[in-house]
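Enquirer: For reference, the chains in residue letters:
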Amino acid sequence: MNMNLLTEPWPWYIGGPLVGLTVPLLLLFVGKPFGISSSFRHLCSICMPNTNVSYIKEDNWLKESWNLFFIAGILIGSYIGMHFLSSEPIPLLPAHYHSWQGLAALFGGGILVGFGTRYADGCTSGHSIMGLSSLKWPSLVATISFFAGGLILIGITSLLSWGGAS
Amino acid sequence: MKSALALIIGIYFGIVLVKSEVASWFRIQSMFRFEEAHMYLVIGAAVAVGALSILLIKLLGQQTVAGDPIEFKDKPYQKGMIIGGAIFGFGWAITGACPGPIYAQIGSGEYLASFTFAGAFLGVYLYALLKPKLPH
Numbered sequence: 001m002n003m004n005l006l007t008e009p010w011p012w013y014i015g016g017p018l019v020g021l022t023v024p025l026l027l028l029f030v031g032k033p034f035g036i037s038s039s040f041r042h043l044c045s046i047c048m049p050n051t052n053v054s055y056i057k058e059d060n061w062l063k064e065s066w067n068l069f070f071i072a073g074i075l076i077g078s079y080i081g082m083h084f085l086s087s088e089p090i091p092l093l094p095a096h097y098h099s100w101q102g103l104a105a106l107f108g109g110g111i112l113v114g115f116g117t118r119y120a121d122g123c124t125s126g127h128s129i130m131g132l133s134s135l136k137w138p139s140l141v142a143t144i145s146f147f148a149g150g151l152i153l154i155g156i157t158s159l160l161s162w163g164g165a166s
Numbered sequence: 001m002k003s004a005l006a007l008i009i010g011i012y013f014g015i016v017l018v019k020s021e022v023a024s025w026f027r028i029q030s031m032f033r034f035e036e037a038h039m040y041l042v043i044g045a046a047v048a049v050g051a052l053s054i055l056l057i058k059l060l061g062q063q064t065v066a067g068d069p070i071e072f073k074d075k076p077y078q079k080g081m082i083i084g085g086a087i088f089g090f091g092w093a094i095t096g097a098c099p100g101p102i103y104a105q106i107g108s109g110e111y112l113a114s115f116t117f118a119g120a121f122l123g124v125y126l127y128a129l130l131k132p133k134l135p136h
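Chains as they are written, first to last, in the numbering used here: chain E, 1 to 166; chain S, 1 to 136.
No lab work stands behind these hints, which were simulated from the structure alone.
Backbone N, C-alpha and C define an ideal beta-carbon position, used for all residues, glycine too.
Hints are not guaranteed to be accurate.
Unchecked claim - With a straight-line Cα cutoff of 30 Å, these simulated BS3-like cross-link-like pairs (lysine-lysine) come out:
| no. | chain 1 | residue 1 | chain 2 | residue 2 |
| --- | --- | --- | --- | --- |
| 1 | E | Lys63 | S | Lys131 |
| 2 | E | Lys57 | S | Lys131 |
| 3 | S | Lys79 | S | Lys131 |
As the list claims (entries may be wrong) - Quick look at which bits of chain S chain E covers, simulated, 3 or more residues with Cβ under 8 Å:
| no. | region |
| --- | --- |
| 4 | 12-23 |
| 5 | 64-77 |
| 6 | 82-95 |
| 7 | 101-113 |
| 8 | 118-130 |
Stated by the list, open to error - If the Cβ cut is set under 8 Å, some of the chain E residues that face chain S in the computed set are:
| no. | residue |
| --- | --- |
| 9 | Pro17 |
| 10 | Pro33 |
| 11 | Ser37 |
| 12 | Pro49 |
| 13 | Trp61 |
| 14 | Leu62 |
| 15 | Trp66 |
| 16 | Ile71 |
| 17 | Leu75 |
| 18 | Gly81 |
| 19 | Ala95 |
| 20 | Leu106 |
| 21 | Gly109 |
| 22 | Ile111 |
| 23 | Gly150 |
| 24 | Leu151 |
Assemble the whole structure, with the sequences as input and the hints as a guide.
Expert: This is the structure we're talking about:
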């Protein structure tokens, strides 16, 4: 295999199908539908074994422990991808996030990601990839809402910074 | 065995997230600003491959390699898919990461993303607390 092709960023027609291939891989080898945001719930459940909050208490994370191995794999794989399969590591977050405001934005945005994905019963993987691949209309509604939310936020921040430095 | 396979598929997925730059804040910004088609094409191609493979699995009545039945989860419609979905969209645009890429950013050495992760953890706990009062 041409090493340059491997270490350059992959174009959509390689990356996209490989993302999609995760669906049959998980179904055929693990027997589970693709999804990631439920891992947050499992981690909450593990960290709070004595909680009375029913959403966390009722979580049977042992039965879904494959999900935790899957995210452990993502941690390892992303390290490999960045440090062994890239000609030079690229930043995934912008330089201006390396500030107190940036950390606050990441933390606050993270709250919205955790809250929103659990409220919506799935994220980009569970709804936009797995749900749409299974032709489920509620997942289409969720996916449209994900994009609507993102577009609204970008619209608001663009208006606020209109004429500003950024 | 299942755990080991899930770990290996996770490694595969982590590599793909980084190499196709789905885990990049810059790519997510360009997507929401309609500056480039990359992310839309990645998601479109992923859904095409996913849909085709699910169709084949169902048509052939495939089981897992271990001979177990394959689990498909139905997610019945509820209002959270609109409200929660939009809330997630806000967070996705700010952090440049949906849940998979949060892990991929941390794993690839973008340690600031651990703040995104800590936020997400708190967000799930807040949802758990508020769930009985939220419209579903």
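Enquirer: Which hint numbers does the structure go against, in order from smallest to largest?
Expert: 12, 13, 14 and 19
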